[in-house]
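Trainee: Sequence:
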Amino acid sequence: MAHKEIAMIKLNGLLDDELELISRQVADAFYDYPYPAESRGLRAFLPERDQMLTYINGIVRAGYRGGLLYATSEKREGYLMMTSSKGDTIRFPDGIRMILAMKTALGGWKKQIEFTRAFLRNGGTFELRMRKGKRDYVKVDLLAVRAEYQKQGFMKRMLEFAFDQARERGVPVILETDDQDKCERYMHYGMKVDRSREVAAGMQVYDLIWEGNR
Numbered sequence: 373m374a375h376k377e378i379a380m381i382k383l384n385g386l387l388d389d390e391l392e393l394i395s396r397q398v399a400d401a402f403y404d405y406p407y408p409a410e411s412r413g414l415r416a417f418l419p420e421r422d423q424m425l426t427y428i429n430g431i432v433r434a435g436y437r438g439g440l441l442y443a444t445s446e447k448r449e450g451y452l453m454m455t456s457s458k459g460d461t462i463r464f465p466d467g468i469r470m471i472l473a474m475k476t477a478l479g480g481w482k483k484q485i486e487f488t489r490a491f492l493r494n495g496g497t498f499e500l501r502m503r504k505g506k507r508d509y510v511k512v513d514l515l516a517v518r519a520e521y522q523k524q525g526f527m528k529r530m531l532e533f534a535f536d537q538a539r540e541r542g543v544p545v546i547l548e549t550d551d552q553d554k555c556e557r558y559m560h561y562g563m564k565v566d567r568s569r570e571v572a573a574g575m576q577v578y579d580l581i582w583e584g585n586r
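In terms of my numbering, the sequence shown opens at residue 373 and continues consecutively.
Source of the hints: derived by calculation from the structure; they are not laboratory data.
For glycine and all other residues, C-beta sits at the position ideal for the given N, C-alpha and C.
Do not take every clue at face value.
Stated by the list, open to error - Under the rule of at most 27 angstroms between Cα atoms (straight-line distance), these lysine-lysine pairs were calculated in the DSSO-like manner:
id	residue 1	residue 2
1	382	447
2	523	504
3	554	447
4	447	528
Unchecked claim - Derived Cβ-Cβ restraints for the label pairs, each shown as a range:
id	residue 1	residue 2	range
5	406	561	13 to 21 angstroms
6	568	503	18 to 26 angstroms
7	561	520	19 to 27 angstroms
8	508	406	30 to 38 angstroms
9	472	421	14 to 22 angstroms
Input sequences plus hints: build the corresponding full structure.
Mentor: Structure (structure tokens):
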């Protein structure tokens, strides 16, 4: 049976207030996520909703300007941002803007350095390890389903879109998540845990990989 490719909409031509709305929808999905008592996820670094919004806004805008941001449909039930080791990257000026937004969200350069160092502990990020190993990949940088559309199959649809892109290139998909329940759902859709690492008190990161192309 032929493989059926999943359709997504690449976002373009948006007004500033539309980007602000998308950023708020994504930030709310992360901030309102029901983490277990022993885990705070990104809220370990971004305890206030406005901080989360500033942080996500920087990522969303950088991804949008680089043509890396997708929505599930015109209703925008969910959002996906992907980069890759070849060609699909955040442009340098947008990367600088994103870093500045993160610095503001985290509360200054000192906090930004602490944040960066935390994610480089225990061997560094998954992406960094893939680069050191000279392995090509597609990376899911952001995946969020709006609260009113959760548990309706949109997470699966976005993952399958990422898998399609990787399948065409003959490379794996990688992503990092900050919650065990999220990790288990990704595993349900075919991903495997490469490793887990504690980056801060109350924040465990799970590195996942899909190698269905093999």
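Trainee: If a hint holds in the structure, say so; if it doesn't, say that too.
Mentor: A quick look at each hint next to the structure:
1. 382 <-> 447: With Cα atoms ~13 angstroms apart, residue 382 and residue 447 stay inside 27 angstroms; holds.
2. 523 <-> 504: 36 angstroms, violated
3. 554 <-> 447: 24 angstroms, holds
4. 447 <-> 528: 17 angstroms, holds
5. 406 <-> 561: 13 to 21 angstroms: 20 angstroms, holds
6. 568 <-> 503: 18 to 26 angstroms: Because 20 angstroms falls inside the window, the suggested range holds.
7. 561 <-> 520: 19 to 27 angstroms: This hint holds: roughly 21 angstroms between Cβ atoms.
8. 508 <-> 406: 30 to 38 angstroms: About 35 angstroms separates the Cβ atoms of residue 508 and residue 406, which means 30 to 38 angstroms holds.
9. 472 <-> 421: 14 to 22 angstroms: 20 angstroms, holds
Hint 2 alone, counting from the list given before, is not met by this structure.
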